[in-house]
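S.K.: Turn these sequences into a full structure, and let the hints guide you.
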Amino acid sequence: MDESLEVKGEGSTRRLFDLGGVDVAWCPGCGNFSILKALKMALAELDLKPERLVIVSGIGQAAKTPHYLRCNFFNGLHGRALPAATAIKAVNPELTVIAESGDGCMYGEGGNHLIHAIRRNPDITCIVHDNMVYGLTRGQASPTSLRGFKTPAQAAGVFHEPLNPLALAVALNVSFAARAFAGDIEETKEIFKRAISHRGFALVDVFQPCVTYNRVNTYQWFREHTYYLEDSYDPSDRVEAFKKALETDKLPLGVFYVNRKPTFEENLSLYRKSLEPLHRRKVNMDVIGELIDATRRG
Amino acid sequence: MPNREIPRIRIIRGDCSIVLGGEAGQGIRTIEDVLTRVLKLSGYNVFSTREYMSRIRGGVNTTEVRVSSRRVSAFLNRIDILMPLGLGVITRLRRRVSRDTIILGERSILGEDLKGYEEQFIEVPITDTASRIGGSIYSNIVAAGVLAGLLKAEMIMLEDYLRKFFSAKGAEVVERNIAAAREGFRIGEDPSISGMLRVELDRNPGVREELLIGGGEAVALGAAAGGCNFLAFYPMSPSTSIAVYLAQHMEKLGIIVEQAEDEISAINMVLGAWYAGARAMASTSGGGFDLMVEGLSLAGMIESPIVINIGMRPGPATGLPTRTEQADLGIALYSGHGEFPRIILAPGTIEDAFHLTRRAFNLADKYQVPVIILTDQYLIDSMYNIMGELKPSEEDIERYIVETDREYRRFRFTEDGLSPRGIPGYGEGLVCVDSDEHDEEGHITEDLQVRSRMVEKRLRKLEALKGEAIPPQLIGDGDYSILVVGWGSTYNPLREALESMGRDDVALLHFKQVYPLHPDAERYLRRAEETVIVEGNATSQFGRLIKAETGLNLNKRLLKYDGMPFAVEEIVEGLKKLIS
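Protein chains in written order, with our numbering: chain V, 1 to 298; chain F, 1001 to 1580.
Hints listed in this document are in silico derivations from the structure and should not be mistaken for laboratory results.
Take these hints with a grain of salt, some might be off.
Between beta-carbon pairs, the in silico distance windows are [stated by the list, open to error]: (1) 1561(F) x 197(V): 51 to 59 Å; (2) 1444(F) x 227(V): 35 to 43 Å; (3) 1466(F) x 138(V): 56 to 64 Å; (4) 1547(F) x 267(V): 45 to 53 Å; (5) 94(V) x 1168(F): 36 to 44 Å; (6) 1474(F) x 119(V): 48 to 56 Å; (7) 239(V) x 1059(F): 44 to 52 Å; (8) 262(V) x 1401(F): 26 to 34 Å; (9) 1339(F) x 111(V): 24 to 32 Å; (10) 1251(F) x 111(V): 27 to 35 Å; (11) 1405(F) x 119(V): 34 to 42 Å; (12) 275(V) x 1401(F): 13 to 21 Å; (13) 173(V) x 1519(F): 54 to 62 Å.
Predicted, not measured: the structure shown is a model, and the values here were computed from it.
Built from N, CA and C at the ideal position, the CB exists for glycine as well.
M.R.: Following this line, the structure appears as structure tokens:
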């Protein structure tokens, strides 16, 4: 165990977050492995400590991620990662908080929370493993399934409009929005690093091939249908970001939009003077006493 | 001015029940605030409660203000003085308006409503007076002034209070309201009214210095005194006032109050907050709690402390959104899939609302279980002056968070089922919690032996919870043969009803903790020859709980479910019919 804590030079940094003896529930070849690897690399390169990191997840195959690396975690209810993550960061701003789950959890069951987390803007990173299908429940359509996608539950093919998470986020004037592809660990890691370092709500939608239930959107399909935003692309331009988010023939990858604005925690009055986490603070009994006393006079 | 020849003079002695009524938007609540405070500051015991419709304009809302020589804390059906500020009030209250009720008001407004009540009506020129001062907007303060004058409150207190109450609105508004109050006061003292109606109450100088606190306020202050530093809510009557109170003092109290997008978010925020080291509360009503129930089950699984206030109102569904009921004991008790222990408290008094809410945080933290506080619209929207002090103290906060080490396991098996609770970022260990069944470290497991041990570990805590249960309170002679059983907010009406019956063979057994039950409960119940349960619901939910826990049948029931609180007289009449 101690061995994994050692950090010696390049190459071994990712071991800081490695967890030995894990029985992983993912299929061989699943895009989740690459996302996990990219995340561990990003965390190590950012010099974060497992004890200071909290990963909050919901339910689904992606939501099992925190069980596979060294970190504190809150693996809560399906769809409800973001409210818990928001509160964790608000209660202890010293923690790095990542909410991580799949497209069904974040965009389906938890869709309302995503909208309002973007509005609230807590300083957390929201990583969505987007495989356009439900894995854990065996192959039903997800909110991002493309039209015509056939499943046992959608036998005639999906006819709903697919949810466009990037467009949704930019429309809500999100603080940070990006898209990555699990087939490219190096770039995914870089995008994670930028998202985690960003102060504010950072959404990263990660295309994640599902080798078992999605035979349409394969590694090959994603390679053919994606491209990286050019170096000259300006992520501060919201209208441009929205245009990029609407491109569907070829799906752009990279950081779409960056918009630094006050975070939820920065807006909370109790952090105006100090960022001291709540558990280290004392209750101000004098104030409560004064409030009670005031009821004598009205 | 007197509207007719002088009839007999009506004298109200010792205890006066005043009811104000009007449309939503007429400022009834302001009169209640002003009058209750000022009468208390003048040395009278006061109690007030309101019932209102779920609308912003129109309808009929009423407030009862009891002013008394002795302590008062319960709702009465009796109306001594009725002041209807609008049409429809008398009609709506007709079952409570007796021959002895004096109606103060304006013929020009009440018109046909006065038919049959002429003998007991006294004209009070509120509108004209308000118009002279600046418009009908001042009518409510004129009305407050009239009552203050009639009850011989202290004008200086009234002025001081109005100055404070309206200070944010500027000097002119303050001055005009004071003028309105003075004019009203003068009318109240005028022989044209005092010659027909006299209220004789004793003042008690000690009362002036007493606390005058509402139920909602007491819950909020109790939470703060219990170390609550995070509250998430979605607006819902009647619980909203608790969140609003804390939100208004957010900075001074160092508390985070967040209005969530829905109750599901609220409870998940609260669980996240506890996980990260806060003392957190969710405050809602039955319908909102329905949405929170999966989160409650999560608290059971991850052994998270949580405090939830359910301000009960009549259901099912939207029900009567602004009224009162005690019908959510069932869901508080049985909500959440799976099996896990919990505590349910039910404050009976303003003091209870403070102390039990404070205590809820220690209990939740110590046993890592949900603690549900069952309040209701009646308790939340009532206030009265209380005898004792409410003393917040750091010593009352028991802290149970441990610093973790490298070997830390959040769900370590222990004899009593309690695993020391760490939080992320405090110590060298990792704090891992999972809604799946998990091993000692908090990782998903399908090891069925571990599963069984975890179930047993979680349920073992119930034994300790029973040991710490608050015993029911026996009021009355220990030699009772008839026992009246109640819980939660019916405490004060029950107590007053039994006192007025004056039978020493009848005692009251009141529960402020309804689950788990203290072992004394069964002992008290078995000693009675006859028991009557009094509950604000239609199916005797607490009676059924007692039956399940003790095997005892409480067959005689006094149940109420029309949305109004139990009135003292109604309990007396009901009990007389039920007991031998």
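S.K.: For the pair residue 275(V) and residue 1401(F), does the Cβ-Cβ distance stay inside 13 to 21 Å?
M.R.: Distance hint for residue 275(V), residue 1401(F) holds at roughly 19 Å.
S.K.: Evaluate the given range 35 to 43 Å for the C-beta pair formed by residue 1444(F) and residue 227(V).
M.R.: 38 Å Cβ-Cβ, so the 35 to 43 Å window holds.
S.K.: Hint says 51 to 59 Å; check whether the CB-CB distance for residue 1561(F) and residue 197(V) agrees.
M.R.: holds (58 Å)
S.K.: If you check the beta carbons of residue 173(V) and residue 1519(F), does the distance land in 54 to 62 Å?
M.R.: Holds, at about 59 Å.
S.K.: Just tell me: holds or violated, for the beta carbon distance of residue 262(V) and residue 1401(F) against 26 to 34 Å?
M.R.: holds (30 Å)
S.K.: Per the hint of 27 to 35 Å, is the separation of the Cβ atoms of residue 1251(F) and residue 111(V) within bounds?
M.R.: holds (33 Å)
S.K.: Taking the CB of residue 1474(F) and the CB of residue 119(V), does the distance hold inside 48 to 56 Å?
M.R.: Check passed, 53 Å falls within 48 to 56 Å.
S.K.: Do the Cβ positions of residue 1405(F) and residue 119(V) conform to the proposed distance bound of 34 to 42 Å?
M.R.: 39 Å Cβ-Cβ, so the 34 to 42 Å window holds.
S.K.: Tell me if the beta carbons of residue 1466(F) and residue 138(V) are separated by a distance inside 56 to 64 Å.
M.R.: violated (44 Å)
S.K.: State, for the Cβ atoms of residue 94(V) and residue 1168(F), whether the hinted interval 36 to 44 Å holds or is violated.
M.R.: holds (38 Å)
S.K.: Evaluate the given range 24 to 32 Å for the C-beta pair formed by residue 1339(F) and residue 111(V).
M.R.: holds (31 Å)
S.K.: Are residue 239(V) and residue 1059(F) spaced within 44 to 52 Å by their CB atoms?
M.R.: For residue 1059(F) against residue 239(V), whose Cβ atoms are near 49 Å apart, the range 44 to 52 Å holds.
Consistency with the previously given hints fails for number 3 only.
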